[in-house]
Each structure stands twice: as C-alpha cells, then as structure tokens.
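**Student:** If you read the protein sequences in the order shown, they are chains A and B.
Numbering follows the numbering used here, with no gaps: position 88 of the first sequence is 88.
Numbering follows the numbering used here, with no gaps: position 73 of the second sequence is 73.
These are computed hints drawn from the structure, not numbers from a lab.
Be aware that one or more of the hints could be misleading.
Calculated cross-link-like contacts (lysine to any residue; reagent style SDA-like; alpha-carbon spacing at most 20 angstroms) [said to hold, decoys possible]: (1) A:LYS45 - B:VAL10; (2) A:LYS16 - B:TYR39; (3) B:LYS117 - A:GLY187; (4) A:LYS67 - B:VAL10; (5) A:LYS67 - B:ASP8; (6) A:LYS117 - A:ASP79; (7) A:LYS135 - B:ASP90; (8) A:LYS120 - B:SER137; (9) B:LYS67 - B:SER137; (10) B:LYS125 - B:GLN100; (11) B:LYS67 - A:GLY187; (12) B:LYS67 - B:LYS120; (13) B:LYS197 - B:LYS67; (14) B:LYS45 - A:GLY187; (15) A:LYS67 - A:ASP79.
Selected chain B positions facing chain A (in silico; Cβ < 8 angstroms) [unchecked claim]: (16) TYR39; (17) GLY40; (18) LEU41; (19) ASN48; (20) ASP64; (21) GLU65; (22) SER87; (23) ILE111; (24) ASP136; (25) ALA138; (26) ASP142; (27) VAL144; (28) ILE157; (29) ARG159.
If the Cβ cut is set under 8 angstroms, some of the chain B residues that face chain A in the computed set are [stated by the list, open to error]: (30) THR33; (31) SER34; (32) LEU60; (33) LYS72; (34) ASP90; (35) THR91; (36) GLN94; (37) ALA97; (38) ASN126; (39) LYS135; (40) ILE179.
A virtual CB, placed ideally from N, CA and C, is assigned to each residue, including glycine.
There are 2 protein chains.
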Amino acid sequence: MKLQAAIDRVSLEEAKKIAYELDGIVDIIELGTSIIKDYGLETLKAQNIKLENSELLLDLKTNDEGKYEFEKGFETSADILTVMGGSAIDTIEQTYAVSQAANKDILIDLIETNDDKIDKMSNCKNAIFGLHHSKDSAESFDAVASVAQFAQKHPNIQRIAVAGGIDKEQAKKIAQQGIATTIIVGGKIAGASDPVKAAKEFMEVIR
Amino acid sequence: MKLQAAIDRVSLEEAKKIAYELDGIVDIIELGTSIIKDYGLETLKAQNIKLENSELLLDLKTNDEGKYEFEKGFETSADILTVMGGSAIDTIEQTYAVSQAANKDILIDLIETNDDKIDKMSNCKNAIFGLHHSKDSAESFDAVASVAQFAQKHPNIQRIAVAGGIDKEQAKKIAQQGIATTIIVGGKIAGASDPVKAAKEFMEVIR
C-alpha cells in the first residue's frame with residue numbers, strides 16, 4: 001500500500017520545503033487544491049518541482065474542460081492529476097484519455113459521487129478511485145467500513161485510494177484490511193511539527 | 001436580465017484587456033476557472049482588477065474547503081464566487097455563509113447536480129443558481145426548456161443563471177421567457193474578433 005501525503009493551505013515556499021523533505025519518505029506527495037488555486041499551474045510549471053523518489057500529485061479537481069485542464073496540468077512535473085467524479089462523464093473520459101496518452105496517472109475524486117455514476121466509469125480501468133470524505137462535512141467517516149463497502153459494490157475496480165481525516169490507527173487497519181492501494185493523509189503529516197517524523201511513523205504502521 | 005461574459009483559456013494579460021474593454025458594456029464579467037487555475041488567486045489579488053461599472057465573478061468552482069477558498073477568493077476584487085452544487089452540503093453552506101458575511105454574491109454551479117440535492121440548498125435564498133451544461137458534454141442542451149423545467153421544479157428559487165453554448169437567438173428566447181435572471185455567454189463574446197461589438201449585440205437582443 002502506498003502512502004500519499006497532502007500539503008495544503010501553506011505558502012508555495014513552505015509547500016516546496018515540505019515536499020522536498022518528504023521526497024523518498026512517502027510514496028506520493030500531493031500539492032492540494034489550495035496550492036493550485038492560490039498559485040496557479042503556470043507558477044507550478046515554472047517552479048519545475050522535481051522529486052527524486054516520490055511521485056507528485058496535483059489535486060486539480062477538474063469539474064469541466066477536462067482536456068484543457070489535464071493538458072495544462074501535465075505541462076508541470078506532475079505524475080498524477082485529479083478529476084471530480086461528480087463532473088460530466090465526458091469530462092472524466094477526456095481527462096482519462098489525456099492521462100493515458102501522457103503515460104501518467106489519474107485519480108477520480110469520488111466526493112459525493114453516487115454508485116450509478118461510478119459504474120459509468122468502468123472504461124477507466126487504470127484510474128485510481130479516490131474515496132473521499134469532504135473536509136467540510138460534519139458527518140463522521142469510517143474509512144475501513146467505507147473501503148469494504150466500496151470494494152463489494154465495485155469488484156472490478158483495482159486501485160482504491162482513501163482520504164478523510166485518517167490517523168495512524170485507521171491507517172494500520174486499512175493496511176491490514178488489504179483492499180485500498182493508497183491512503184491519503186493530510187494535516188497529520190504535512191501539518192505536524194515534524195512532517196518527516198510523522199511520515200515515517202505512518203509508513204511504519206502500514207508496512 | 002443580466003448578461004455575464006466569461007473569459008477563459010487566454011493569458012492573464014489578454015483576460016485583463018478583454019475585461020476592461022467589456023467593463024460597463026455587460027453586467028458581469030467572469031474570469032473563468034482556467035484563469036484561476038492557470039494563474040492563481042494570489043496573482044489575481046495582486047493584480048487588483050477594478051471594474052468601474054460591471055461586477056467581477058471569479059469561477060472558483062469550489063468542491064471542498066469552502067470557507068478557506070471563499071475567504072481567499074474574496075480577498076481579490078471579486079463580487080461573486082462560485083461553488084459546485086455537487087460538493088457536500090456543508091461546503092455549500094460554508095461558502096454561502098462567507099459570501100453573506102462579506103455582503104457579496106455566490107453562484108452555485110449545478111453541473112450534474114440532481115433535484116434532491118438542489119432541494120437541500122433551500123437555505124441559500126440569496127444564492128444565484130447556475131444551470132450549467134458541461135462544455136465537455138456531447139449531449140445537446142435546450143436552454144429555454146431547461147430553464148422552464150427548473151423553475152417549475154424549484155418554484156422558490158429566485159435567481160437563475162443559465163450557461164452552455166448560448167447564442168443570440170437562444171439569448172433572445174431566454175429574455176422573452178422572463179424566468180432566468182442572468183445569461184452567461186463564453187466564447188461567443190470573449191472569443192469573438194471584436195468582443196465589445198459581440199457584447200453589444202447580445203445586450204441588444206436581451207433588452
């Protein structure tokens with residue numbers, strides 16, 4: 001199982017600093033939507049962030065104009081971009097096609113996406129499907145149960161990422177469960193006083 | 001009825017040039033999602049775009065972290081920001097609260113949003129509800145019929161914007177229909193060889 005550390009709501013300088021510190025410690029380093037919307041893809045392209053041993057994910061959260069956004073996104077050094085499961089199926093298929101053509105990865109963010117819609121994405125065989133509990137939602141989220149239910153409903157989906165306030169205890173249980181292929185951790189790594197130490201602790205419990 | 005002209009997929013310099021040219025000619029000038037994701041809110045804040053006679057809408061398309069994104073968005077000179085109808089209801093309520101507290105406007109983008117979800121937004125009485133046909137969708141869109149159906153299903157919604165490949169003929173019909181409060185026109189104004197002339201022609205048919 002891979003560990004993805006998401007960096008959000010900090011200055012671009014701070015985001016870069018944390019990203020380079022975590023390079024090679026976690027599998028995937030995410031620059032969150034806040035970094036993209038605050039600083040923009042043109043700036044991220046100019047910064048040319050090169051990770052040696054981790055993949056770079058930009059949480060682009062595309063809702064429309066799929067081809068344009070993904071082509072722009074892959075002009076940066078990103079290995080993985082994200083599209084919203086709630087966008088039109090044509091948007092999802094466009095972004096999937098761009099990512100496949102570029103030999104890059106795509107994560108479909110399933111915030112508030114219903115099962116019928118997910119079934120329509122069955123052509124996107126190589127996509128990572130992201131079970132994602134909104135940061136804003138007041139409802140609680142049982143990641144382990146959600147992953148089990150999702151896998152049962154969608155047995156053909158191979159790559160499952162899970163995000164939403166995951167702590168070390170939950171991470172351990174998700175790893176033991178053996179279904180999800182990636183867990184995504186936000187503030188509990190990037191927001192820790194020592195992100196490297198926090199990342200290593202998460203890596204320990206999931207290995 | 002108001003006319004909103006959306007500017008997309010051009011350089012920031014070009015976007016600003018078109019925005020200042022259209023100031024006072026159309027009611028609302030939109031800087032589209034492509035401008036925000038390409039250049040970022042920090043840059044837009046620094047540019048401090050001041051329109052004399054039109055409102056400025058930034059098509060932020062918030063999916064999550066509603067409070068953060070809207071507070072950041074209103075640090076720019078924007079009068080109106082957008083949130084996705086497909087995001088969690090808590091996200092929509094957060095963004096609505098921020099916009100009301102700032103005495104600014106919010107447009108809820110209803111791409112792929114079902115009626116049950118729209119009914120949950122009934123607290124957002126002052127929001128503009130945006131009927132929006134995805135640019136990527138292969139299905140055709142009858143704007144006049146869509147507006148009529150929407151108003152019938154949601155009789156308490158007062159402010160309705162409509163977007164999706166609208167030309168002058170459709171704009172005229174929507175104006176005559178008298179339900180929608182805003183029509184949003186993209187490439188047919190901002191992408192015209194003479195955006196000012198195109199905007200004036202649209203204003204003529206809707207007045």
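**Student:** Would you mind marking each hint as holding or not holding in the structure?
**Tutor:** Here's how the hints hold up against the structure:
| no. | hint | in the structure |
| --- | --- | --- |
| 1 | A:LYS45 - B:VAL10 | holds (17 angstroms) |
| 2 | A:LYS16 - B:TYR39 | holds (18 angstroms) |
| 3 | B:LYS117 - A:GLY187 | violated (29 angstroms) |
| 4 | A:LYS67 - B:VAL10 | holds (15 angstroms) |
| 5 | A:LYS67 - B:ASP8 | holds (14 angstroms) |
| 6 | A:LYS117 - A:ASP79 | violated (25 angstroms) |
| 7 | A:LYS135 - B:ASP90 | holds (9 angstroms) |
| 8 | A:LYS120 - B:SER137 | holds (14 angstroms) |
| 9 | B:LYS67 - B:SER137 | violated (30 angstroms) |
| 10 | B:LYS125 - B:GLN100 | holds (10 angstroms) |
| 11 | B:LYS67 - A:GLY187 | holds (17 angstroms) |
| 12 | B:LYS67 - B:LYS120 | holds (19 angstroms) |
| 13 | B:LYS197 - B:LYS67 | violated (38 angstroms) |
| 14 | B:LYS45 - A:GLY187 | violated (26 angstroms) |
| 15 | A:LYS67 - A:ASP79 | holds (16 angstroms) |
| 16 | TYR39 | holds (4 angstroms) |
| 17 | GLY40 | holds (3 angstroms) |
| 18 | LEU41 | holds (5 angstroms) |
| 19 | ASN48 | violated (16 angstroms) |
| 20 | ASP64 | holds (5 angstroms) |
| 21 | GLU65 | holds (6 angstroms) |
| 22 | SER87 | holds (6 angstroms) |
| 23 | ILE111 | holds (6 angstroms) |
| 24 | ASP136 | holds (4 angstroms) |
| 25 | ALA138 | holds (6 angstroms) |
| 26 | ASP142 | violated (17 angstroms) |
| 27 | VAL144 | violated (21 angstroms) |
| 28 | ILE157 | violated (20 angstroms) |
| 29 | ARG159 | violated (21 angstroms) |
| 30 | THR33 | holds (7 angstroms) |
| 31 | SER34 | holds (6 angstroms) |
| 32 | LEU60 | holds (7 angstroms) |
| 33 | LYS72 | holds (7 angstroms) |
| 34 | ASP90 | holds (4 angstroms) |
| 35 | THR91 | holds (4 angstroms) |
| 36 | GLN94 | holds (6 angstroms) |
| 37 | ALA97 | violated (11 angstroms) |
| 38 | ASN126 | violated (20 angstroms) |
| 39 | LYS135 | holds (5 angstroms) |
| 40 | ILE179 | violated (24 angstroms) |
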